Amino acid sequence: MRVVHPDSLTEAQEIARDAGGTACFVAGATALQLLWANGGAKPDILIDLGGIAKSRGVVAEGGDIRIGALTTLSDVASDEGLQTGAPLLAHAIGSVAGPAVRNLATIGGNIANRNGCLLPVLLALEARLVVFRSGAMREIALAEWLGETATATDIVCSVNVTAPGEGAVWIHRKVGLRRVFTPSVVAVAGVVHFDSSRLGECRIAVGGGVVTPSRLVSAEKALQGRSIESCDWASVSETIMREVEAPDDLFRSGAYRRKAAAGTIVHALKAKLDGVADYVHADPAPPTLASGEIALGKQMLPDRWFTRPDMPEKVDATLSYLTDVREDGMLVGRILRAGVPHARLLSIDVSAAEALPGVAAVVTHRDIRGENGFGIVFQDQPALCHDKVRYAGDPVAAVAAVDAATAEAALGLIRVAYEPLPLVDDPEIALEPQSEAVHDSGNLQTELHLDRGDVDAGFLEAAHVVEEIYEMPRQMHGFLETEGGYARLEADGTLHVAAGGQHNYRDRMQLSRILGLPEERIRVTSSPTGGAFGGKDELTVQPALALLALKSGKAVRLHLDRPESVLAGTKRNPMRLRMRTGCDKDGRLVAQEVDLVSDSGAYASLSPGVLETALEHAAGPYVIDNIRTRGRLAYTNNGVGGAFRGFGANQMTFAVECQMDRLAALCGLSPNDIRRRNLRTPGMPGFLGQRVSLTERCDEMLEAAMTSRLWSCERGLSPDGADYVGVGMALSYQGNGLGTIPHDEGGGVLRLAEDGRIEALLGLDELGQGLHAATVSQVADFVGCARDDVRPITGDTLLAPDSGSTTASRGSYVLWNTARRTAPEFVRRMIAAAGLRLGREPEDLCLVAGGIADRRSNSGDLLISYVDLAAALDPDERPSVSTHFAFPKTEHDRGNARYIFAFGATIARVAVSRATGEARVLDLDLHSAAGPVIDVASYLGQMEGGAIQGLGFTLLEDSLMRDGAYLTTNLDTYMMPGVADTAERLSVFAQESLDEGDDLGPRGVGELGIASVTPAIVNAVGDAIGYWPSRSPLSAEALLDHMETMQ
Amino acid sequence: MSGAPVSFRLNGVERTIDVPAETRLSEILRDLLSLTASKVACGVGRCGACSVLMNERPVNACLVMAWQLEDADIVSPEGLDILPETRIVRQALSAENAFQCGYCAPGFVTVLVSLLRNDPDAEMSQIKAALEGNICRCTGYHSILRGAQAAAEAVRAERSKSA
Ligand code: FES
Ligand code: FES
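Going down the list, the protein sequences come from chains L and U. My numbering numbers the first residue of the first sequence as 9 and each following residue consecutively. My numbering numbers the first residue of the second sequence as 505 and each following residue consecutively.
The hints are simulated quantities; they were obtained by calculation from the structure and are not laboratory data. Computed from a prediction, not measured in an experiment: that's the story for all the values here. Glycine residues also receive a C-beta, built at the ideal position from the N, C-alpha and C atoms. Mixed in with the good hints, there may be bad ones.
Partner residues are not named here, just some residues of chain U that face chain L (Cβ under 7 Å, in silico) [claimed, not checked]:
1. A525
2. A553
3. V563
4. N601
5. F603
6. C605
7. Y607
8. S629
9. K632
10. G637
11. H646
12. A658
13. A661
14. S664
With the sequences and hints as input, model every part of the structure.
And the structure:
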């Protein structure tokens, strides 16, 4: 690609004309990467218009505003003349892409794309373009220009608008897939002249995304000349819906776009004409804390607030992640993905790729010395495919080359022949006998049943029955650091594989099995990593990295880009869950039936465990004597499902907690009363009949929910008529640990290091959750030293022992128990060693911040510092204490049952927009009871982060697929919550007490934050509009349709 | 296979590089110069992980191509300390434990430093508006907003001290 920088328009146009179709004009060039990533052809020549200085800047004179086309969007929006004369344009610019993009993107570029979000505003302003065409300047109305067929050689030079002037009101609103930084669903704008009694000239326009940009002439006519009182808004609305041309796309229907356009125009215009300002929902009252409850935060708990040990290096950007490692001579790896969802693999020819200069290694299944299969539970997933591919992201080959460009070129030279097989893309159809088998064993991966009591008789007793089908999305983990890392052969022959993971010893075992290498010859580093959430629990890029390093004999790095991460990575299993629940007239649950179908995708990974965990939570924290559950997990060609924070429990809780509110409504009970009548009581067996641990806090959580401050906030229709507001609650009852069946052990080491730091060696991983903060906190507590004296060593099989996986909210227990079990002996040895050096009796000594002190003195003076003590000791004299233990389990063996639970209640206040059906979370209060809070900041972070990931699951996120291919391939269309989508206020509370005799310590909260956010939001929607959506992410269209039936 | 060499200033140092014209600044930093403090999490301008300052304004390094760098002044997270506000902002964000995995942090810090440098009086609504282009998956944003608010206060305090 060549870039030319003409000095004049004439020159630019000549180059474009002579180049034919292979040149394109660029200015900010911000749209190109996405265009190219989505398959747009790269031109041979980019004609940079940036040198044509005349076209830059904003000039406002009188009412006329001339905007040079090369002016960046941020410069346009911040121009004072423009802000005064045409504030709606400044407003609209604020809705285009993100602020950093607007610092590069130009207004000319936005217009020249012909589908920009600014077109409605510019149409409403009757903008005129100055276009350089065939060697001459021409002024043309924007509307007219849009009607012409695009000419590749036109250059937009400036945009001219006239300020609407005094007496005009304006509106602008962009409806998107999320609140801001979003593709447009529809954008609306209007300028209406108004002389306090009558509407004068009206200019209303729509556009954005797939909506045809145009003025709404009939709607304008319907308003023009009317007095406010005589405006027939209902008919204006209908007129708009008829007039807007809007097709369906993947995300929203055309009908929705038309309704949302009509709704926003009418609401915004009415409010402007009536002079009604947007209503700001007031903050709720300060929380009242239950006895023993604390509110978490730096301000509320200054004495318990510590800077996390990993925080400065993260904020300073000096932490090197595993995908940041660069070394001289390091090769770059790439993986060839199948690209077809289901096919027999006939042949792979890598000869041309191998022959490409700069390619160091190409690996295929032929390079696998061990077993070509992995998977935490079932080893059904090939490291590199050999006979068949089962999803489009299946790896077929990998290359290592001197640089990324060569690696990419090499991928293109690998010839693979496939024989397509019928696609299996619907989990329910997959289970029908005529379906093509994804695996030889058939498509039914797992089927689980439970039948207790007499369900049919129970339903006969029921006064009310609610039956609903809940459908839940293929949520993406969305860790910001995509999968990757490096591998190399160390001098001693050890293979070192470093890639973000959640259980390095298991990764090592799986690699050993694949590579046919003894585990001792492999070192796995699995953290730090930029987020995991379950998505790095299974192996990701490690097999390819290892094979490439072994074959090339060199260090290789490999980092998936986002589209490849989307294509290859595991996702939350989409579920379809039919739930039928009956209660008697007093709201007592008499029977429930659950039928769940989960999409495993091409391989099992942890999906069977997710299914099992979902079913274990089928009654939530309630007692239902008659219950029947069935769960089926189906293989399909839809990507791969697996572990994701919540692990099935949050999906089941969505259904259970919404059933409760619906039944309450039918019985005329409050959400609290119906729960009170059915809540389990401490000491009862768990859902599977298993013995469960002490410290049940369901009652306390329900009490916290009942007395929540949010119930006394304003509810119902907001004073400005914009929203319906509701409050909803849901309880969380979240199992900790892997359960009775899987091997679940932990342990660690506490030792004095050579430099005097007290090292805690744990095989766990710092994923962002605060493992290091929690570790220094616990060790300091048990040992008596300061936090700064402690150094956590984690995430590496060479450096730390096996502590089990960093999943299932089990890490807190493991590190707490390790510290608890090693500290007494460690302290004993420390004071013995110090006593010997100091000539003092050990009984007189104790460990304090920085070193050893006299037990009887409060002076804080050190008798010897840890540094000096360590220096005085031979390596084998330095205390080192290790421990190993089983994660606490119950005895149940007829299914996988949890022993330890954490408890919570989520209360949400939600506003549903009457114009668009969008739900906005105003408040989220998260109450929790998970034992002692080890580190306040980490606990708070896990609760907050989990809650907002749950908000994304509820309102925004789904990985859409068609024919086995992802349609949401990057963050431009996969919508994770942004800063504008998070709950406006988010508060976290904790009850820390443990029952007498409970020696299980702190519970994990990695999953508690997400556990019941979805039903709390949905129940708030139910409270607001009397309709409980059963599909997440919530469909704004369904909410809008429902609201139409209200009144 | 290279374009015309481009000269620009990176973290205060003049650099001339010779790479294909469409090479992105994010690749130039991370792969060519091994400056890995700025991250890449989408590559299409939709996450802010790659944020750097270009002529004092935040831009997405994944969207800037080599040919656009001529004469530009680029500050990557490695060089952000050149700006006096950086230390204050980082200190405030650390004290609030604003981040979790930290992968988004270099981008957020870059944007916040730029915002508070130009407008230390920025209120919460402006802070939120400035952060609209940065995605964080771990925190749910509230810790970052609390840290940003503390940072704004600290920058103001510092300015009134030196005024
Ligand atoms: S990597 Fe540049 S914005 Fe995401
Ligand atoms: S802290 Fe992990 S993405 Fe922001």
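Now for the hints, and whether the structure bears them out:
The criterion of a C-beta within 7 Å of any C-beta in chain L is met by U:A525, whose closest approach is roughly 5 Å, and the hint holds. Hint status for U:A553: holds, given a least beta-carbon distance of 6 Å to chain L, under 7 Å. Taking 7 Å as the C-beta contact cut-off toward chain L, the hint placing U:V563 at the interface holds, the least distance being around 5 Å. For the restraint placing U:N601 at the interface with chain L, the shortest Cβ-Cβ distance is roughly 4 Å, inside the 7 Å limit, so the hint holds.
Interface hint at U:F603: satisfied, since its Cβ lies 5 Å from the closest Cβ of chain L, which is below the 7 Å cut-off. Because the smallest distance between the Cβ of U:C605 and any Cβ of chain L comes to about 3 Å, under 7 Å, the interface hint for this residue holds. At its closest, the beta carbon of U:Y607 sits 3 Å from a beta carbon of chain L; the interface hint therefore holds under the 7 Å criterion. Restraint check, U:S629 versus chain L: the minimum CB separation of about 10 Å is more than 7 Å; hint violated.
With 7 Å as the threshold, the beta carbon of U:K632 comes within range of chain L, its nearest partner Cβ sitting at about 5 Å, so the hint holds. Nearest Cβ of chain L to the Cβ of U:G637: about 2 Å, under the 7 Å cut. The hint holds. Because the closest C-beta pair between U:H646 and chain L is about 5 Å apart, less than 7 Å, the hint holds. The criterion of a C-beta within 7 Å of any C-beta in chain L is not met by U:A658, whose closest approach is roughly 13 Å, and the hint is violated.
Among the interface hints, the one on U:A661 is violated; its C-beta lies about 17 Å from the nearest C-beta in chain L, farther than the 7 Å criterion. With 7 Å as the threshold, the beta carbon of U:S664 stays out of range of chain L, its nearest partner Cβ sitting at about 22 Å, so the hint is violated.
Consistency note: the structure conflicts with the earlier hints numbered 8, 12, 13 and 14.
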